[in-house]
Every structure is written in C-alpha cells, then in structure tokens.
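Peer 1: Residue-level listing of the chains:
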Amino acid sequence: MKKTLLSAAIGAAVFGLGTAASAATLDDVKAKGFVQCGVNTGLAGFAQPDSSGNWTGFDVDYCKAIAAAVFGDATKVRYTPTTAQSRFTALQSGEVDVLVRNTTWTISRDTALGFNFRYVNYYDGQGFMVPKSLNVKSALELSGAAVCVQSGTTTELNLADYFRANNLQYNPVVFEKLEEVNAAYQAGRCDVYTTDQSGLYSTRLALSNPDDHMILPEIISKEPLAPAVRQGDDKWFDIVTWAGYALVQAEEFGITQANVDEMKNSTNPDIKRFLGAEADTKIGTDLGLTNDWAYNIVKGVGNYGEVFERNIGANTPLKIERGLNALWTKGGLQYAPPIR
Amino acid sequence: MTDHALNQAAPRASKKASPLYDPKVRSIFFQILTAVIVVLVVWAIYNNVAANLARSNTASGYGFLRGRSGFDIGQSLIAYTSDSTYGRAILVGFLNTLLIAVTGIITATIVGFIIGIGRLSHNWLIAKLCTVYVEVFRNIPPLLVIFFWYSGVLAILPQPRDAIVLPLSTFLSNRGLTFPYPVWGEGAAAIPVAFIVGIIAAIAFGIWTKKRQMATGKQLPTGWIAAAIIIGLPIITFLVMGAPLTFDYPVEGRFNLSGGGTIRPEFVALYLALSLYTAAFIAEIIRAGIKGVGKGQTEAASALGLQPAKTTQLVVVPQAFRIIIPPLTSQYLNLTKNSSLGVAIGFPELFSTGSTSLNQTGQAVEMISIMLTIYLSISIATSLFMNWFNAKMALVER
Numbered sequence: 001m002k003k004t005l006l007s008a009a010i011g012a013a014v015f016g017l018g019t020a021a022s023a024a025t026l027d028d029v030k031a032k033g034f035v036q037c038g039v040n041t042g043l044a045g046f047a048q049p050d051s052s053g054n055w056t057g058f059d060v061d062y063c064k065a066i067a068a069a070v071f072g073d074a075t076k077v078r079y080t081p082t083t084a085q086s087r088f089t090a091l092q093s094g095e096v097d098v099l100v101r102n103t104t105w106t107i108s109r110d111t112a113l114g115f116n117f118r119y120v121n122y123y124d125g126q127g128f129m130v131p132k133s134l135n136v137k138s139a140l141e142l143s144g145a146a147v148c149v150q151s152g153t154t155t156e157l158n159l160a161d162y163f164r165a166n167n168l169q170y171n172p173v174v175f176e177k178l179e180e181v182n183a184a185y186q187a188g189r190c191d192v193y194t195t196d197q198s199g200l201y202s203t204r205l206a207l208s209n210p211d212d213h214m215i216l217p218e219i220i221s222k223e224p225l226a227p228a229v230r231q232g233d234d235k236w237f238d239i240v241t242w243a244g245y246a247l248v249q250a251e252e253f254g255i256t257q258a259n260v261d262e263m264k265n266s267t268n269p270d271i272k273r274f275l276g277a278e279a280d281t282k283i284g285t286d287l288g289l290t291n292d293w294a295y296n297i298v299k300g301v302g303n304y305g306e307v308f309e310r311n312i313g314a315n316t317p318l319k320i321e322r323g324l325n326a327l328w329t330k331g332g333l334q335y336a337p338p339i340r
Numbered sequence: 341m342t343d344h345a346l347n348q349a350a351p352r353a354s355k356k357a358s359p360l361y362d363p364k365v366r367s368i369f370f371q372i373l374t375a376v377i378v379v380l381v382v383w384a385i386y387n388n389v390a391a392n393l394a395r396s397n398t399a400s401g402y403g404f405l406r407g408r409s410g411f412d413i414g415q416s417l418i419a420y421t422s423d424s425t426y427g428r429a430i431l432v433g434f435l436n437t438l439l440i441a442v443t444g445i446i447t448a449t450i451v452g453f454i455i456g457i458g459r460l461s462h463n464w465l466i467a468k469l470c471t472v473y474v475e476v477f478r479n480i481p482p483l484l485v486i487f488f489w490y491s492g493v494l495a496i497l498p499q500p501r502d503a504i505v506l507p508l509s510t511f512l513s514n515r516g517l518t519f520p521y522p523v524w525g526e527g528a529a530a531i532p533v534a535f536i537v538g539i540i541a542a543i544a545f546g547i548w549t550k551k552r553q554m555a556t557g558k559q560l561p562t563g564w565i566a567a568a569i570i571i572g573l574p575i576i577t578f579l580v581m582g583a584p585l586t587f588d589y590p591v592e593g594r595f596n597l598s599g600g601g602t603i604r605p606e607f608v609a610l611y612l613a614l615s616l617y618t619a620a621f622i623a624e625i626i627r628a629g630i631k632g633v634g635k636g637q638t639e640a641a642s643a644l645g646l647q648p649a650k651t652t653q654l655v656v657v658p659q660a661f662r663i664i665i666p667p668l669t670s671q672y673l674n675l676t677k678n679s680s681l682g683v684a685i686g687f688p689e690l691f692s693t694g695s696t697s698l699n700q701t702g703q704a705v706e707m708i709s710i711m712l713t714i715y716l717s718i719s720i721a722t723s724l725f726m727n728w729f730n731a732k733m734a735l736v737e738r
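Chains as they are written, first to last, in the working numbering: chain A, 1 to 340; chain B, 341 to 738.
For the record, the hints were derived by calculation from the structure and aren't laboratory data. Computed from a prediction, not measured in an experiment: that's the story for all the values here. The beta-carbon is built from N, C-alpha and C at its ideal position, and this holds for glycine as well. Heads up, none of these hints are tricks.
Derived coverage of chain B by chain A (criterion: at least 3 residues anywhere in the stretch with Cβ under 8 Å from a Cβ of chain A; other residues may be distant):
#1 403-417
#2 490-503
#3 587-598
#4 673-686
#5 691-703
Based on the sequences and whatever the hints tell you, model everything.
Peer 2: In structure tokens:
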C-alpha cells in the first residue's frame with residue numbers, strides 16, 4: 001500500500017513537470033509577467049549589456065517590441081544570453097519564449113529543428129575581414145589562409161562550401177564563443193575572420209585598431225536573420241510575427257515614437273486602424289492582445305527605421321547602411337503585409 | 341533456571357515475531373522499494389523526454405549520422421572533408437580525444453614520477469623545487485592552465501612570416517610547429533613490421549636471459565641488448581629497402597607555411613596543460629606510494645647486502661606499485677575527461693566536434709547520448725585495464 005502510494009506520488013510529480021510546459025506560450029508569458037527572450041551573449045549593436053547591465057541593441061529592441069505588444073510595457077523582458085551552440089536547445093526546451101539572436105533562417109532549422117520563422121528582421125550576408133597589411137583585395141586570393149570562425153553556425157558551413165567550390169585551401173580555426181574567435185583573430189592566430197557582415201562591422205569596432213582591418217567586398221551567402229519560435233503554437237507565432245511587421249509598417253506610415261500620440265488622431269483610416277483608434281476594430285483582440293498593441297510597440301521602441309538607426313545605423317559607431325534593409329518603397333526588402 | 345527461561349522465551353518470540361520486525365524481510369522490502377523508485381524515475385525521465393521531443397516537432401533518431409556534415413575540422417588523424425558524414429566527424433573527434441589522452445597520460449606519468457621521486461630527494465633544492473611545482477599546479481584549475489599555455493605562452497610566438505627558424509627546416513610560429521613531413525616510398529611497409537618483430541624478439545630474449553640467470557646466475561645487460569634489437573632491426577630494414585624516404589619540406593606561402601606537417605598550438609596547449617596539471621597529482625601519488633613502504637623493508641634489503649639502486653628496483657617499487665595503481669587509475673580517467681576542456685581553445689576533440697554536430701542537426705538528446713556513451717566507454721576500458729594491471733601487481737596471499 002505504502003509502496004503504491006509513493007510510486008503514484010513520484011509518478012505524478014515527474015509527469016506533472018513534464019506536462020506543465022505544454023500550455024500555450026502566450027498564457028505562460030502572461031502568467032509569469034515577462035517575455036523570456038534569447039539573445040546573443042554580446043554582439044555590439046545587436047545585443048549587448050551596457051555597464052549597468054541593461055541590454056541594448058537591434059535584436060533587443062525586437063524583444064522589447066514583443067513585450068510592448070503583450071503587456072503594453074516594453075520593459076517586461078528578461079534576457080537569456082545564448083551562444084551559437086546553446087541557442088537552439090534553449091528554444092526547444094522552452095527556456096526562452098522567443099529567440100531573437102541574429103539567427104539565419106534555413107529550411108533545416110525551420111523543419112528538422114522544429115522552429116518557425118516568418119519574417120526577416122535583418123538581411124545579412126557572410127563576408128571576410130582581413131588585416132590591411134596582408135594586401136588582400138578579394139576573397140579569391142585567400143588560398144592557404146587560416147580562417148577564424150564560430151562553430152555551429154551557417155557561417156562555418158558556407159565557409160567550407162565557398163572554399164571548396166572555388167578550389168581554395170584553408171585552415172579552419174574554430175571556437176565556440178564569439179569572444180574567443182575575436183581574441184584569436186586579434187592575436188594573429190588566423191589571417192581571416194569570417195561571419196555575417198553585420199557581425200564583421202561589430203567585431204571590427206571591438207578590435208584595438210579598427211582602421212588596420214578591412215572587410216572584403218565578396219558576400220558569399222544569403223543570411224536572412226530572423227526571430228524564431230517553437231512549432232505548434234500558432235497564436236504565439238502570430239504575435240511575434242506581427243510585432244515585427246508592425247515596426248516596418250509604422251515606418252512606412254511615418255509613425256515615430258515621438259509622433260505616435262498625435263498620429264492616433266490621423267484622418268488616414270489605415271493609420272487609425274493600425275493604432276487601434278478605429279471604432280470597432282478587432283485586429284488586436286484577434287491576435288490575443290489589446291487593440292492598442294501596435295501603438296504600444298511604436299510608443300515603446302519606435303519604428304523599424306528608428307530601431308535600425310539607434311542601434312546600428314549611420315550615426316552609431318557601426319555605421320551600417322540600410323541597403324537591403326531599406327523599406328520596399330525605397331528599394332529595400334523590408335515589406336510588411338497589410339494590417340487590416 | 342536459566343535453561344528453563346530460555347526454553348520459554350524462544351517459542352514466545354517466534355510466535356510473536358511479525359514479518360514487520362524481521363530484519364531479513366525488512367531488508368528485502370527496502371531493496372525492492374529502492375529498485376522500484378529507480379525504475380520509476382528512469383521511466384518518468386524517458387517518458388518526459390519522449391513527450392517533449394514529440395511536442396517540440398523535432399526530428400529524432402540516429403539517421404542523421406549518415407548525413408553530410410558540411411563543416412571542416414582543423415586537425416584530423418583520418419581523412420576528413422566537409423563532404424564526410426556526421427558519424428565520421430564524431431570519429432575524428434573521438435580519435436583526437438584518444439590522442440590527447442594517450443600522449444597526455446604517458447607524459448604525465450613520466451613527469452609525475454620524476455617530480456614525485458624528486459620530492460623525496462635528499463638534495464634540498466630539488467626537493468623544494470618539486471614541492472613548488474606540485475603546489476602550484478595542484479591548486480590551479482585545469483582550464484586556467486590551458487589558457488595559460490594557449491594565450492600566455494603560445495600566442496606570443498611570432499607570425500608565420502617571421503617564424504623562428506629551427507634546425508632541420510623546422511619553423512615555430514603562432515600557427516604551430518611546422519616540420520618536414522616524411523613521405524614514405526615503396527617498401528616502407530616493411531619497417532613497422534621489422535619494428536614489431538624487434539619487440540617480439542626483445543621479449544623472447546628477455547625471457548631467455550631470465551631463465552639463463554636462474555640456471556647459471558650469470559647476468560647480461562638485457563636492457564641495452566633489447567633496445568638495440570628494437571631500434572636496430574627497423575634501421576637495418578630501412579637501409580636494406582634502399583632508404584625509401586623523402587621529405588615534404590615546408591615552404592613560405594602567402595599566408596602560412598605550406599607543405600610539411602604542423603603540430604597546431606591548440607594541441608600543444610592542451611597537451612602541455614593536461615600533462616603538467618595531472619603530473620602534479622601523480623607526483624603526490626608516487627610519493628605516497630613510496631612513503632607507504634615500511635622503512636623496515638629498506639633496512640632489511642640493505643642488511644641483505646642489496647645496493648640502494650637494487651633496493652629501490654626490487655624491494656621498494658614493486659610494493660609501492662600496489663599503493664600507487666588504484667589512485668593512478670582515477671588520475672588517468674581525470675585526464676581523459678579533462679580533455680573535453682579543449683573546446684575552450686578550439687581543439688577539435690570529441691566534445692567539440694560532437695557539439696558542432698549537435699548544433700548543425702539540432703539532435704540534442706541523440707548527440708549527448710553518443711558523447712556520454714563514448715566517454716563512458718573510454719573510462720570503463722581504462723578502468724578495466726588498470727584493474728587487470730592492479731590484480732597482476734597485487735600481493736598474492738597464500
């Protein structure tokens with residue numbers, strides 16, 4: 001009798017733990033009161049804690065936008081720094097609710113890893129950085145070089161494919177953490193540093209003499225960086241997706257953090273609907289949020305252009321051009337489906 | 341009176357004894373209870389993993405091992421390219437782990453032995469130096485020792501363009517030690533055969549001299565002759581085959597020295613760090629083992645007229661071995677397991693290639709189970725070998 005009771009209790013305890021996590025993510029998030037967001041361990045401009053421990057960056061603002069949409073408060077986020085190695089397990093296991101960590105959207109990650117991606121928050125491509133003293137003008141001259149690269153990334157795979165396709169020899173020097181790759185490049189352990197171009201700009205900034213290094217013109221891959229969520233929770237997937245689209249749409253409408261309140265009184269029905277000022281709109285409630293969800297996002301972090309310029313744009317040390325990440329109306333690829 | 345009391349007590353006890361108070365029944369009950377709890381916990385974990393895997397929509401199974409890996413590995417003992425499979429990538433990592441374990445264990449044992457004996461030396465300076473060595477290395481975490489060698493010592497070596505030129509066309513730079521790589525010609529396969537034949541001949545010779553000594557009491561310099569056979573036979577074969585050996589010399593390329601063989605700094609740093617770190621522990625084990633042999637043994641040996649060297653060789657060391665071997669085994673296991681710290685400096689050992697495969701495929705549970713199994717197998721194999729060795733050395737009590 002004692003035995004059966006005890007075993008039943010143990011079974012219930014462990015089994016209970018196993019099933020608790022399968023509730024809808026939105027309910028979980030609302031219940032705990034914050035969004036748990038997986039970000040990079042430290043990539044200048046994208047996700048980095050400042051001296052007082054506050055996270056800032058392009059990816060971080062996406063986490064804030066999601067929190068603003070859910071809670072109307074962009075500060076209700078907690079960050080989990082993840083390495084290239086630990087990021088997928090962190091999302092799969094439910095340790096984070098959403099992964100916004102300059103992660104490339106690929107078909108195998110979308111299918112075999114059990115994730116969902118829907119929009120690209122930053123169109124990137126892989127490049128190479130070399131010391132100017134090497135006098136290299138093109139990546140095709142790199143045969144025989146030692147190349148520093150972070151393990152477990154699409155970068156590592158593209159590198160192997162590119163050198164193989166062009167019949168070039170190279171010597172991979174592989175580290176798990178970005179900081180280790182940076183240190184090895186700086187110490188001269190390798191001749192070339194390769195990662196996404198945005199990462200190259202960010203890394204170059206962290207070197208002791210940024211002007212001694214140059215980024216080669218070749219872009220050897222498509223790296224659409226996208227936020228990821230777990231498969232099987234469409235409601236949460238929709239919220240993460242549309243929070244991202246709202247940023248782009250706000251820029252298209254010309255709504256900024258500064259003018260969002262007066263825009264609420266706009267006569268443009270599209271803008272009124274977007275900001276939840278339309279009389280009987282159901283857009284927000286259909287998402288499982290309140291109708292002023294988009295207003296909260298813009299109020300909290302601004303529009304896509306503001307997020308870009310604040311963290312990585314021309315006035316920041318990174319000085320990244322909008323390029324492919326300009327709005328579609330300005331020749332870029334950032335395009336949001338209609339919010340109606 | 342007493343008899344009577346006993347006779348009365350015995351039947352009463354057996355009549356009253358409920359199985360609840362029977363120590364045998366109790367012990368069986370608690371053993372069953374423990375077993376049931378263990379089985380339940382394992383079952384629940386299994387269920388939990390299975391349920392979560394199904395819920396997270398991830399692919400599962402070991403089929404991914406046959407897929408193309410797509411990534412390159414800097415150092416490999418077997419042929420490997422990015423076209424090879426994940427299974428082969430893991431094999432490359434496994435062999436690199438074995439390489440570090442074997443070279444590390446040999447070096448750590450030799451250094452540990454020297455330092456351990458050194459601490460017992462009557463020479464004050466040697467004894468103190470060895471003490472300092474042990475205290476320094478024993479009290480630093482191994483990861484720090486690895487970084488010390490990698491970032492502190494090896495990273496300050498010059499760039500390959502300004503490499504330090506050593507004799508025999510060997511170059512030392514921060515890319516490693518580059519040396520002329522031997523390229524064996526036709527008929528070279530006979531040399532390792534000659535080497536093995538040499539070892540067998542040396543063992544046979546050793547047995548014969550021992551028998552001869554037992555029979556006649558005459559001694560031969562067995563060690564020197566055996567060494568001559570083992571080294572001499574391959575050299576004679578090499579010359580007879582017409583010296584089928586050329587060298588691939590390293591030449592200065594645009595970025596690196598190309599050609600030749602290279603020992604990468606990651607390997608050197610990990611090898612030195614693990615060897616020297618573990619040597620400190622082995623030194624203490626050796627010292628404890630020698631100290632553990634009673635003083636009377638040494639005195640008895642010298643009373644019999646044995647020279648000090650013979651006393652150490654024939655009396656002290658065989659007895660010390662019995663104390664040394666069991667803790668030595670756990671140091672060997674520690675070294676093997678610590679080799680996974682190589683991931684921090686980018687040495688492609690099992691954990692490194694395994695976790696890269698994990699990340700590229702997302703098969704966390706499968707990859708972790710493979711790595712666990714491999715480390716466990718290495719450790720168990722080492723343990724079994726050392727247990728066998730221990731049983732061979734142990735005191736045979738009659």
